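Build out the structure end to end from the sequences listed, making use of the hints.
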Amino acid sequence: MFKLIEENISKNVHFTDEEVSQFKSFLVLKKLPKRHFLLKPGDICTFETFIVSGCIRKYYVDPQGIEVTLMLAIEDYWVGDLDSATNHTPTKIYLETIEPCTVLELSSASKEKLLVQIPKFERIFRIMLQNNVAKYQDRLITILSKSATEKYLDFMDTYPKFVNRIPQIYIASFIGISPEFLSKVRKKLATQH
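Sequential numbering of the sequence shown, starting at 1, is according to the working numbering.
Don't read these hints as lab results, they were simulated from the structure.
In this text the structure is predicted, and so the values were computed from the model without any measurement.
Be careful, since some hints might not be right.
The calculated DMTMM-like cross-link candidates involving lysine to aspartate or glutamate, where the alpha carbons are at most 25 Å apart (straight line), are [claimed, not checked]: (1) K34 <-> D62; (2) K161 <-> E48; (3) K31 <-> D76; (4) K30 <-> D17; (5) K3 <-> E112; (6) K24 <-> E75; (7) K111 <-> E18; (8) K11 <-> D138; (9) K30 <-> D43; (10) K40 <-> E112; (11) K11 <-> E105; (12) K113 <-> E18; (13) K135 <-> E48; (14) K31 <-> D43; (15) K30 <-> E99; (16) K120 <-> E105; (17) K3 <-> E122; (18) K30 <-> E18; (19) K146 <-> E67; (20) K187 <-> E67; (21) K184 <-> D157; (22) K40 <-> D83; (23) K92 <-> E67.
Laid out in C-alpha cells, this is it:
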C-alpha cells in the first residue's frame, strides 16, 4: 500500500527508514467509491491526497453551467486545492473520483507538523509545486496555441496512461474542446492510420 508513495517521495530526496516511517504515520488510508466528492465548492480544503489506485478529476463549473476539467490524476499523483488550503478560503472546485480509489490523505495540520519534524519534506513539496506550475503553464500554452488535433495528440503523448481510462468528455474538457469536436478529431486520426 505504501510502496508507491515511498517511491514518490524518494525521487528527489533520500530519507532514512525512520523518516519514512514517521511520514507514513501522518497518512490516512481511504477507500473511495466511484463518483465520490473529496471537495465541493464552498468547502475549505484541509488536505492533500496521494492516489494509490484509481482516478480523480479536478474541475469547476463555469457561469454557463459547463464543467471545465482542470486536472486529471491517476496513481502516483497528488491532488488538492492549493489556493483553498493555503489561504483557508472556500474552494471553487470539485474533486471527484472517476473510478473507485484508494488514497492516502495528508491533512494540512499533519503536513505542518511533518515539515517541522522532517525539514527535508519542504524540498519535496517545493519540487511538487514547481512541477505542477510548469505543467499548468505548458497546458495553458497548448490550449491557447494549438489546433484541436494537436491538443489531442499532445494529450496522448503526455498522458498515454489516461487515454483508455478517462471518459472522452473529460479529456475534451481538459484539452479545451467540445466532446463532439473531439469525436471528429478521433475519427479523422483513425482514418489516417
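Exercise. Are the Cα positions of K3 and E112 separated by 25 Å at most?
Worked result: Holds, at about 23 Å.
For this session: Take a quick look at whether K187 and E67 sit within 25 Å of each other, Cα to Cα.
Result: holds, 24 Å
Exercise. Given the hint that K161 pairs with E48, does the C-alpha gap stay at or below 25 Å?
Worked result: holds, 22 Å
For this session: For the pair we were handed, K30 and E99, check the Cα-Cα distance against 25 Å.
Result: holds, 14 Å
Exercise. If you draw a straight line from the CA of K111 to the CA of E18, is it 25 Å or shorter?
Worked result: Within the cut-off at roughly 17 Å; holds.
For this session: Please work out if K135 and E48 have their alpha carbons no farther apart than 25 Å.
Result: Holds - the C-alpha atoms of E48 and K135 are around 18 Å apart, at most 25 Å.
For this session: Take the C-alpha atoms of K30 and D17, compute the straight-line distance between them, and say whether it is at most 25 Å.
Result: holds, 23 Å
Problem set entry | Satisfaction of hint between E18 and K30, Cα-Cα up to 25 Å | holds, 23 Å
For this session: Would you check the hint for K3 and E122, treating anything up to 25 Å between C-alpha atoms as holding?
Result: Answer holds: K3 to E122 is near 21 Å, not above 25 Å.
For this session: Verify the proposed pairing of K92 with E67, using a straight-line Cα cut of 25 Å.
Result: holds, 12 Å
Problem set entry | Proposed proximity, E112 with K40 (alpha carbon, max 25 Å) | holds, 23 Å
Exercise. Taking 25 Å as the top limit, are the C-alpha atoms of K31 and D76 close enough?
Worked result: Given pair K31, D76 holds - Cα atoms ~16 Å apart, limit 25 Å.
Of the numbered hints given earlier, the model fails none.
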